[in-house]
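J.: Residue-level listing of the chains:
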Amino acid sequence: MRRISEHPIIRATDSADSGLQPEVVLSPRELAANLAWIVNLRWLAAAGVAVAVTVARWVLAIRLPVTQLYVIAAGLAAYNTVLWRITTSPRVQPSRPGLSATAIANLQISIDLFFLAGLLYFSGGVENPFVVYFVFHIVIASILLSRRATFFQTALASVIVLGLALIQIRADAPHYHLPGVVSEQEYLHPVFAYGTVFVVASTLFLTAYFATSITARLRQREAEIIGLSRSLEEKAADLSRANERLRVSERMKSEYMRRVAHELRSPLATVHQMIGLVLDGHKGEISQPARETLQRSRARVRLLMDVARDLLVLSRAREADLSRQVRDINLAEIVAALAPDLEARAQEAQVALSISVPPNLPAIAADNESIAQLVSNLATNAIKYTPAGGSVSISAQPRDGGIELSATDTGIGIPREELAHIFDEFFRAANARESGKEGTGLGLSIVKAICDSLGAELTVDSEPGRGTTFSVRFPLTRRR
Amino acid sequence: MEAKQARILVVEDDMDAADAAKTILEAEGYHVSTAESPAKAWEALRAQAPDLIVLDIMMPSGTEGFHFVWDLRNSEDQALRDIPIIVLSAIHEGTPLRFYPTEGDGTYAPGEYLPVQAFLDKPVEPKQLLSQIALVLKRAAPGT
Chain A
5 MRRISEHPII RATDSADSGL QPEVVLSPRE LAANLAWIVN LRWLAAAGVA VAVTVARWVL
65 AIRLPVTQLY VIAAGLAAYN TVLWRITTSP RVQPSRPGLS ATAIANLQIS IDLFFLAGLL
125 YFSGGVENPF VVYFVFHIVI ASILLSRRAT FFQTALASVI VLGLALIQIR ADAPHYHLPG
185 VVSEQEYLHP VFAYGTVFVV ASTLFLTAYF ATSITARLRQ REAEIIGLSR SLEEKAADLS
245 RANERLRVSE RMKSEYMRRV AHELRSPLAT VHQMIGLVLD GHKGEISQPA RETLQRSRAR
305 VRLLMDVARD LLVLSRAREA DLSRQVRDIN LAEIVAALAP DLEARAQEAQ VALSISVPPN
365 LPAIAADNES IAQLVSNLAT NAIKYTPAGG SVSISAQPRD GGIELSATDT GIGIPREELA
425 HIFDEFFRAA NARESGKEGT GLGLSIVKAI CDSLGAELTV DSEPGRGTTF SVRFPLTRRR
Chain B
-2 MEAKQARILV VEDDMDAADA AKTILEAEGY HVSTAESPAK AWEALRAQAP DLIVLDIMMP
58 SGTEGFHFVW DLRNSEDQAL RDIPIIVLSA IHEGTPLRFY PTEGDGTYAP GEYLPVQAFL
118 DKPVEPKQLL SQIALVLKRA APGT
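So the sequence lines, in the order shown, correspond to chains A and B. Using my numbering, you'd call the opening residue of the first sequence number 5 and step up by one each time. Using my numbering, you'd call the opening residue of the second sequence number -2 and step up by one each time.
Covered stretches of chain A, as calculated for chain B (at least 3 residues, CB under 8 angstroms):
(1) 260 to 272
(2) 278 to 285
Over 12 angstroms on every C-beta distance to chain B, these chain A residues come out as not near it, computed from the model:
(3) L39
(4) W41
(5) I66
(6) W88
(7) V143
(8) T207
(9) R221
(10) A227
(11) E238
(12) S244
(13) L346
(14) T384
(15) Q401
(16) R477
Just so you know, the hints here were simulated from the structure itself, not pulled from any lab data. Every residue gets a Cβ at the ideal spot worked out from N, C-alpha and C, and that includes glycine.
Using the sequences plus the hints, can you model the full thing?
T.: Here it is in C-alpha cells:
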C-alpha cells in the first residue's frame, strides 16, 4: 500500500522516449516497498516451479532432469531468502548510499532472468512453451525501473533466449529435449529455433514498450495528484494561518476598542457628574441661560457615554465566547425582568407596549446578560422610533425547531435601500436621524453580534411609514 | 448617632470624581474625606476609621481596589474589617467579572463574590448613590 507521502521522483533526464513530459520514476522508498512485493512473488515462483516439475514428471510422465530443476528451484528459494533478509533488515535503508534500491532492483531482475534461463535450459530450451514467461520479468521491470533500464533488461532477456536457441542448434552444450512437445526434427530446425527467438524477443520488446508507456502515464498522473494534494494541503495551511491572524487582529481590535471606550467612559462620567453638581445648585445659583446650556452639555455628554457603553457592549458581544457562561435559560424570565423599565419607556413615549412571552417555552442555550441586552435593544429601539399613539409588541413562540422572538412596531420603518446597512456600526437610517431622536448607531450592531455569537438567525422586515419587525430565531438547547 | 453625621471615606484616583462625590455627600451632611490611592486610604483609616468607604476599583496601576477590599477584610483590626464598602466603578462594563454584595449567609467565593455591601456602576445618579449609602449605613447599625 503506497502512502501519499511517498512521492515519486520526477526525473528530467532519461526522458528521451517519453515525449514532452519528464519521466517520473519511483522514489527509493516506494521502490523498496515494491522489492518486498517482488520477494513475495518469487516465493510463489519457486514453489510453482517445484510443483510444475513434479506434475510434469510424474503426472504427465515427461522425462525431465528433475534433480537439476529442483536444485535450481531450491537455488531460487535460497537466493530469495537472502533478498528477503535484506529487504526486511532495518539496517538496509532505501536511501542508503552505495548499493541503491535501484541497483538492487536491476540486479534482481537480471538474476531472475538467468534463473528462468537455467530452468528452461534443463527443460527443452526454446522448445519449452514457458519461454514466454520472460514477459513477466519485463512487466515487473517496467513497473519498477526506468524506461531505459527496462529496455536493457528486455535486451538481456532476448540475448538469453537467443543463447538458448544457439546452444540447441549448435550443440555447444548438451540439450535437454522435451519429448512430446515438439518433435526432434522440429526443435533442431533453425527456422523453428530462431523463429521462436524472434517471436519471444518481439513479444518482450512490445511488452516493454506498452508496459513502460502505461506505467509512465500512471506515474505522471499520480505525481500530478500528489502535487495537487500537496498544494491543497499548503493552501489549507495558508488559510488556517490567515484565519488565525485574522482572529488575533480581531481580538486586538476588540481589546483596543474596549480600552478606548473604558478610558473615555470614566472621565465622561466625571464630567457628567460635575455638570450635575452645578445644575443641582451645589456650586451656587446660576442663570437660566447658563442652566439651559449646561443641560444641553449634559445631554451631549450622556450620548457620548452611551456610545462608549455600546462600544464596550459590542466588543464584549464579539468576544463573548471567552467569558460567557452559556446555560439553559428561560426567555420569559428575562423579558419579565426587563418589563418594568420597558413599560416606563413606552409610557413616556406614549406608545402601547404588549409583551407576550409564554413562560413554558423550551430553554435556549445562552447567557442571561446577552439575551437581556438583545431584548432590551430591540424593544427600546422599537419604542424610540414609534410615534406617540403607536404600538410595540414583544412576543415569542416556537418556530422551526427553535424559538422565535419578535419585536414588532408601528413606527417610522426603515427605507428599503438602507435595510442592508442597519447592522453596520454607527449607521443610522436617514429617517431615524431626522426623527430628532438621539442614538448611538450601535444598538443593532450589538443585536447582530449577540445573534452571531449564539448562532441565532436575525431577520428584519420593514415598510417605511408602516412599521418594522425584527425576528430572532434561537436554536434550542441541544440535549445529548 | 444621627446617620447624616456619618464619616465616609471616598477612595478614588480621579480627583475630579472624588470632589464631585464629596460635594454630593457633604450636601447631605456627611463628613467626607478622600484618598487617591489605597496607600493614602490606609493612612486615613488608621487615623480615624470611617463608617463607610466608597471605593473605586480601577486605579492607575490596575485593579488595586480589589486588593484593598481583601486587605481590609483580612485586617487584624476588627473595627476596620467590618467597615461597609460600596464599590463605585465602571469596571463592570470592561470585564466579564460579576460582583455580588455578600448578603445572607456571608460566605465569600473569592474572585467572583467580592465581600462588599453594594456595587454601583459609574456613572451613578446622585440620588442613587445617596440612597445606597443610607441603606448600607442603616444595615450596618442595626437597632439604632
